[in-house]
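Single-letter residue listing:
There are 2 protein chains.
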Amino acid sequence: MIDYKRLIRTIPDHPKPGILFRDITTLLGDPVGFRAAVADLVDRYREQEVAMVAGIEARGFILGGAMAERLGAGFLPIRKKGKLPFETIGHDYELEYGTDRVEIHRDAVSAGQRVLLVDDLIATGGTAVAGLTLLRKLGAQVLEACFIIELPELGGRRRLQDAGCPVHTLISYEGH
Amino acid sequence: MIDYKRLIRTIPDHPKPGILFRDITTLLGDPVGFRAAVADLVDRYREQEVAMVAGIEARGFILGGAMAERLGAGFLPIRKKGKLPFETIGHDYELEYGTDRVEIHRDAVSAGQRVLLVDDLIATGGTAVAGLTLLRKLGAQVLEACFIIELPELGGRRRLQDAGCPVHTLISYEGH
Chain L
515 MIDYKRLIRT IPDHPKPGIL FRDITTLLGD PVGFRAAVAD LVDRYREQEV
565 AMVAGIEARG FILGGAMAER LGAGFLPIRK KGKLPFETIG HDYELEYGTD
615 RVEIHRDAVS AGQRVLLVDD LIATGGTAVA GLTLLRKLGA QVLEACFIIE
665 LPELGGRRRL QDAGCPVHTL ISYEGH
Chain R
515 MIDYKRLIRT IPDHPKPGIL FRDITTLLGD PVGFRAAVAD LVDRYREQEV
565 AMVAGIEARG FILGGAMAER LGAGFLPIRK KGKLPFETIG HDYELEYGTD
615 RVEIHRDAVS AGQRVLLVDD LIATGGTAVA GLTLLRKLGA QVLEACFIIE
665 LPELGGRRRL QDAGCPVHTL ISYEGH
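Protein chains in written order, with this note's numbering: chain L, 515 to 690; chain R, 515 to 690.
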């Protein structure tokens, strides 16, 4: 496997002091790195008959769009509040301060459809769990949630697994 | 070519009375339609040595991510204000009421690199022209701007062409 960490930029003290921000744009901008990340993830699901890839706004759209196309699946956007034009269902989730909300179209997936949940990075997992909740509300069978980067100390993997959703990531940064 | 219009949902009176909103999520969610749209666009640029695909937030990330991966290019996000973690350059542009701003990373592209500008839909072209301006400020050679949908009466194609950027779209809706 490619050395993804070499292609990811770390920005100290962003968005606030003490945080090491993992900037994936340098990996996306590298043709070999981006293609390898898509291939490494897609290879895992090639025999899984994935019907839909659900990508989380906004960076999850980049990876999720490429994965859906390679898998021959449809793409389903999980969007922030008020961004989708048709009838939606939504789910609120806690942030450090306040709450946020994600939405999907009411007809975005059919009962029983096999769905893969995709984002670039998992931290606390709040958005991913909210997305999972929405997909299941429509009867989707969520096979797994996958990410390029994991920040394990923030507990996102455990939260998804506790909700019965397996998790797969390409790389992990201890001591974020 | 596939009948894309059959796969695009039209929502009347969204976001305001009298507007027919072209909802592309139904096309993205159709595995055959999504793959065909990516292939129809990618085929046009396969011999063009595209180094980077610049996708406009947020729906341009879905199509642009898939196109970059298929073309063996890098992906470069053109984002709304304040979303990018590293040093940026920005460009303001006019909306119907007020202004908006797009940004790219200062090191997102090198002088002379061959770049393709991608979004799902072109209306007035305000965001696309702003993105074009930013890419050129870094010395990029923007080969063309491509979109799935064009609303020709809103003049976006002409604005891009007047700025010296060719335009290609898969389908067009007269009388939006």
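Hints are computed from structural coordinates only; laboratory data are not their basis. The structure displayed is predicted, hence computed values, not measured ones. Hints may be right or wrong, so weigh each one.
The list treats identical chains as one, so a pair stands whether inside a single copy or across any two.
Stated by the list, open to error - For lysine to aspartate or glutamate, the following EDC-like pairs were computed, each having C-alpha atoms within a straight-line distance of at most 20 Å:
{"hint": "1", "residue 1": "K519", "residue 2": "D614"}
{"hint": "2", "residue 1": "K594", "residue 2": "D614"}
{"hint": "3", "residue 1": "K594", "residue 2": "E563"}
{"hint": "4", "residue 1": "K597", "residue 2": "E688"}
{"hint": "5", "residue 1": "K597", "residue 2": "E610"}
{"hint": "6", "residue 1": "K519", "residue 2": "E561"}
{"hint": "7", "residue 1": "K594", "residue 2": "D621"}
{"hint": "8", "residue 1": "K597", "residue 2": "D527"}
{"hint": "9", "residue 1": "K519", "residue 2": "D676"}
{"hint": "10", "residue 1": "K597", "residue 2": "E667"}
{"hint": "11", "residue 1": "K597", "residue 2": "D614"}
{"hint": "12", "residue 1": "K595", "residue 2": "D537"}
{"hint": "13", "residue 1": "K651", "residue 2": "E561"}
{"hint": "14", "residue 1": "K597", "residue 2": "D517"}
{"hint": "15", "residue 1": "K595", "residue 2": "D544"}
{"hint": "16", "residue 1": "K651", "residue 2": "D554"}
{"hint": "17", "residue 1": "K530", "residue 2": "D621"}
{"hint": "18", "residue 1": "K595", "residue 2": "D606"}
Going through the hints against the structure:
no.	hint	verdict
1	K519 <-> D614	neither (30 Å within a copy, 34 Å between copies)
2	K594 <-> D614	both (8 Å within a copy, 19 Å between copies)
3	K594 <-> E563	neither (28 Å within a copy, 35 Å between copies)
4	K597 <-> E688	neither (34 Å within a copy, 24 Å between copies)
5	K597 <-> E610	between (23 Å within a copy, 18 Å between copies)
6	K519 <-> E561	neither (28 Å within a copy, 31 Å between copies)
7	K594 <-> D621	within (17 Å within a copy, 28 Å between copies)
8	K597 <-> D527	between (30 Å within a copy, 15 Å between copies)
9	K519 <-> D676	neither (28 Å within a copy, 42 Å between copies)
10	K597 <-> E667	neither (31 Å within a copy, 24 Å between copies)
11	K597 <-> D614	both (13 Å within a copy, 17 Å between copies)
12	K595 <-> D537	between (24 Å within a copy, 16 Å between copies)
13	K651 <-> E561	neither (25 Å within a copy, 45 Å between copies)
14	K597 <-> D517	neither (36 Å within a copy, 26 Å between copies)
15	K595 <-> D544	neither (31 Å within a copy, 23 Å between copies)
16	K651 <-> D554	neither (29 Å within a copy, 35 Å between copies)
17	K530 <-> D621	neither (39 Å within a copy, 22 Å between copies)
18	K595 <-> D606	within (9 Å within a copy, 24 Å between copies)
Hint compliance for this structure: hints 1, 3, 4, 6, 9, 10, 13, 14, 15, 16 and 17 are not met, and every other hint is.
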